[in-house]
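Colleague: First to last, the sequence lines map onto chains A and B. For the first sequence, the numbering used here assigns the number 234 to the last residue and increments by one with no breaks. For the second sequence, the numbering used here assigns the number 562 to the last residue and increments by one with no breaks.
Worth double-checking, as some hints may not be accurate.
What the hints assert, rightly or not - Simulated DEER-style distance windows between Cβ atoms:
1) B:Gln-364 - A:Glu-183: 35 to 41 Å
2) B:Ser-553 - A:Asp-228: 52 to 58 Å
3) A:Thr-58 - B:Ala-335: 32 to 38 Å
If you're looking for bench data, these hints aren't it; they were derived computationally from the structure. Only a predicted model underlies this, so the values are computations on that prediction, with no experimental measurement involved. Backbone N, C-alpha and C fix where the C-beta goes; we use that ideal spot for every residue, glycine too.
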Amino acid sequence: MSDVLLRAENVGIRFGGLQALEALNLTVHDKELCCIIGPNGAGKSTFLNVLTGTLRPTTGSVRFLGHDIGGLPLHRIARLGIARKFQIPSVFPSLSVEDNLKVARWGAPSPARPIGELLDLVALGNRAATLAGGLAHGQKQWLEIGMALAIEPRLLLLDEPTAGMTPQETMATAEMLLRLKGEFSIVAVEHDIRFVRALNCETLVLHQGRRLRSGPFHDIEADEMVRDVYLGRR
Amino acid sequence: MIARDRNWLLVFAVCAALAIVYPLFADGYQLTVIRDALIFGLFAASLDFFWGRTGILCFGHAAFFGIGGYIMALVTLNDAIPFGSLLGIAGAIAGAAFVAAIIGYFLFFGGIRGSYFTIVTLAMGVICQQAAISWSSVTGGDSGLIGIPPIEFDLGGTHVDLSQDLPSYIFVASIVAVVVLALWSISRGRWGTVLTAIQDNEVRAAALGHNAPLRLLVTFVLSAAIAGLAGALYVCMAGLVAPDLSGLLLSTEVIVWVAVGGRGTLLGPVLGAIAIQRAQQTISSFNPSLWPLLLGCVFVIIVFVLPDGILSIYARLKSLFKGGRQAQ
Ligand SMILES: Nc1ncnc2c1ncn2[C@@H]1O[C@H](COP(=O)(O)OP(=O)(O)OP(=O)(O)O)[C@@H](O)[C@H]1O
Ligand SMILES: [Mg+2]
């Protein structure tokens, strides 16, 4: 298959005595949208860290466009076209919103979107001169998404993009992602089931570091086991 | 242009104007005092260029000052080398940059930051001073090298001779002005903005495609090169070089100059260096042993009470008054 963008095979990682991930596989096709869900501590962030090369897996490999990205320095991985949003909002607090986006664009091999368009995309057009450290939580999340977009990624990985957002903001974020869907591939880790339902895409359910189920979201939502482990608890 | 930039340029212009009219009022001795203070001001600006923008403190910056000084001394004292002054300056800059590149490479790409970086550079300074003392066949050991000639070179047909007070003052003041202006324009532009981002969150900057260790390394090397230039200028003006030029005391003093003058402002450290050396001369004139004690106290106060420098008192007061007014 030629349109495979990212392929993770048999990924496992140990932290001391804890097997945080075990035998995980994931294939992301070009321009595909998929979600990863699972209870707290299931290993979602860890898996995302492996997919972005931040963590090196103990077993298995992650290939992006055929390159093994394990062991590449972070900036090289970014320049291959992998962008991410961290779970903890990671903007540059002492720079203005505009400078945050500029720094992101400068890092990209070929930035295309102008700053003004990025500002509008993430609904921060009137906050350009504000220091990022002074933004509200939800706005920081958006700014970080904007920074990820600025590098013109082939693949965007989002770790809980709607954490701490109001329901309206959550839905606005889902709409934003659906609008961007055709441009590049997106992998989103989420807790908020309404958000995942709104995206309605291929979903991987993690539980204790392992794959519990995977498939289209409506099958996952109907699955008894998933309900027991995860959805039922909400 | 934002207000902060305009204010900086305004202060710079005022300082430059003062430097231009100063020779009209000062005698030869006073000129040389300010000239030497300006050289240390250049040294302080070089540290600030790195420390102010990266937030990483180098505690051995005098090593680069000393390396520049010794290279300049060795080149100009060797009669076999033609164009001694120019080659000496070039060698001083290159030598300091080279040492910084080697040490910086291992530290930055090895992921060493923060206090660990400070401690390793502290050791580097001590090693340099010890090397200058022990390698006496080349460096002259404890007593150093004397009889270093003043800077002298031909530039486009005109012969420049800096053995007199006024020409040497003009030369040093111009170099300081040009270098400080250049460093400022680098650090307010794209280069400095990315450095600020790296200081805020290095992993984040790397995940956006920035090669953070390389950028830190280049900044460090540039900073060391300018420290080397300052060292070279100093030994020619003083006529001698000695191990304490790369010593711990000078490394501490330069930190105090930067902290007192205002870290990250580039111009502040130059003024801080001039003001503190002035104070040092006054205090040492009635009690020579008082100065190191005072310096130590100022250092401790700055580290614990005013990590952003003396200038931050003004900013703090301002925000205090603002806060007070808003509360009403
Ligand atoms: N660097 C680390 N060292 C040791 N253990 C770790 C490390 N990182 C994560 N873990 C452990 O691995 C497990 C998975 O953590 P992870 O952060 O991936 O969960 P998560 O699914 O993202 O949870 P959450 O929903 O709370 O974000 C947890 O038990 C965590 O304590
Ligand atoms: Mg997580």
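Colleague: Could you say whether the range 52 to 58 Å given as a hint is met by the Cβ separation of Ser-553 of chain B and Asp-228 of chain A?
Modeller: holds (54 Å)
Colleague: Could you say whether the range 35 to 41 Å given as a hint is met by the Cβ separation of Gln-364 of chain B and Glu-183 of chain A?
Modeller: Hint violated: Cβ distance 60 Å, outside 35 to 41 Å.
Colleague: Can you tell me whether the CB distance of Thr-58 of chain A to Ala-335 of chain B sits inside 32 to 38 Å?
Modeller: holds (35 Å)
Hint violations for this structure: number 1 only, all remaining hints satisfied.
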